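> What follows is the residue order along each chain.
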Amino acid sequence: MGEGLGGAIDSMFNLQTWTSAIHAWLLGLVPEWAAILLECVVVALLIITLYAVFAIALIYMERKVCAFFQCRLGPNRVGKWGLLQVFSDVFKMLQKEIINMRKSDMFLHDLAPFLVVTASMLTFACLPWNKGGHIIDFNVGLFFMIAVSSIGVVGILLAGLGSNSKYPMIGSMRAGAQLISYEISIGITMLTIVALSGTMQISEIVQQQADNGWNIIRGHVPAVIAFLIYLIAGNAECNRGPFDLPEGESELTAGYHTEYSGMHFGYFYLAEYLNLFIAAGIASTIFLGGWAPLHIAGLDGFNGVMDAIPGAVWFIGKTFFVIFLLMWERWTFPRLRIDHILSLEWKYLMPLSLINLLLMALVVVFGLGINV
Amino acid sequence: MENMNYLQGLVAGMKTLGVGLKTTMREFFTKKITEQYPENRKELVMFDRFRGSLVMPHNEQNEHKCIACGLCMTNCPNGTIEVKSKMIETEDGKKKKILDQYIYDQGICMYCQVCVRVCPQDAITFDQSFETAVFDRQKLVRQLNQPGSKCQEKKPVARPAAAPKPAEKPAVAPASAPAEAADAAEKTPKTE
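These protein sequence lines are chains G and A, in that order.
Residue numbering for the first sequence follows the working numbering, beginning at 1 and increasing consecutively.
Residue numbering for the second sequence follows the working numbering, beginning at 1001 and increasing consecutively.
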């Protein structure tokens, strides 16, 4: 692979090249503030569209994967292979009436789904889609990501508080306890990777992995342990899988979104699936190299072919791989009781991840990491 | 000691989680058991013990095995079956009760299979046909014996000595006995 061609591919796949070209072109047409405003609107629309598209893809994937794990076929009547099933569900939900309950706190009740969606959308915008394709990217990127994802907890608690009903109340209290607990594990595993990378900037973390190999290989033992802990805590953070206590059908009906109908419920549903995508996206960013292509040292031809695949494809492919792992986990294990969930976090995952952080610190200090 | 239990529990727990993950992953790739019913009705095969509707098998000479004893009728909890019999006189001057009409009302059948179990002659059984929806309930009342059919001549059956006494009903049929004799031995206590 010649330097010239490699450089050309590099700059072609670097979205920075294209965005700055578009910016320069816009500057020639309109004043700077208008250009920036226009770009912001376009990017926002892009994000919202991607958000909806991924939610639909994920709901379909969830149904199919769940069915296959249970030895079933899944949806296959609406459209070819049931592809139109999700669309018909979405249209059904759009037609439904939004019901207001007497004596519920109208303002908080209506605010809650928007907070949940806002939190997941802000986190969604942090993901590195491609080289140069970051939307929110600054020096405390990972920190910002954890912070904005926590806004979702507020939304869930408000949903319980504003509904004036006992099921949402209990469900949201459970969700609050669970989310706040598991955020500790998530934070510490992220800190493990920050210790390895030496930076919190997401673009920098991914760039390092593109240059030196994926974090899960660079950090070997502690990184693999951190990845496994992240997979467990990530499912808990999405209120999914064996940790879906906030919505126990038998005891709490639908948990914190019991009293919601129509598109308000739809927002919770959307946010649940997008949180899954985000959890998987963060995992693929900090462990599996984000948009960085797979490189094997010594195989230059192979590496060249891998370089020819766009970064966005790599990122989305890895993310869907992690989503599959999370779904595998979800459809394998039975639900835990609330005290078991909390003891799993406080007695097992948190001590493990703390020890793991120490291990990673030793690896970094003594230079034991594998750099390709 | 406490610490050891903690670590042992952790390792054992992870091991069992791994077993669970392996099981579901194997299931992910197995053949799916979903039956896509209306499309596959040509090749749909129900399982052996499926109870579709009650039938009375006839052989090639249009003979059934029913002796019109009426045990199925008396045992049916819903009164689904009505056995209409008639008396005839055989060539050697004996009077004999034979089956006239075997009426089965599928509309009130609850598929408990008691009739098949009590039948001393194995004359009735359940087949696999389950598409029985009709617009008129009267169409579900059917005559199971074919017109012009008659009862099969009974073959002499060698009964094991233990068979007639219900108290000594053998739990397992003796392996040496022929299949039919074992069958008879199993049936006899119930009929008495």
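For the record, the hints were derived by calculation from the structure and aren't laboratory data.
Note that the structure is a prediction, hence the values are computed from the model and not measured.
Keep in mind that the hints are not guaranteed to be accurate.
What the hints assert, rightly or not - Simulated crosslink set (SDA-like; lysine to any residue; CA at most 25 Å straight-line): (1) K1032/A to Q70/G; (2) K1015/A to K80/G; (3) K1084/A to C1151/A; (4) K80/G to L1044/A; (5) K1031/A to D244/G; (6) K1032/A to F333/G; (7) K1031/A to G82/G; (8) K1065/A to V1118/A; (9) K1084/A to D1127/A; (10) K1022/A to Q70/G.
> Under the constraints set out in the numbered hints, which ones does this structure not fulfil?
2 and 5
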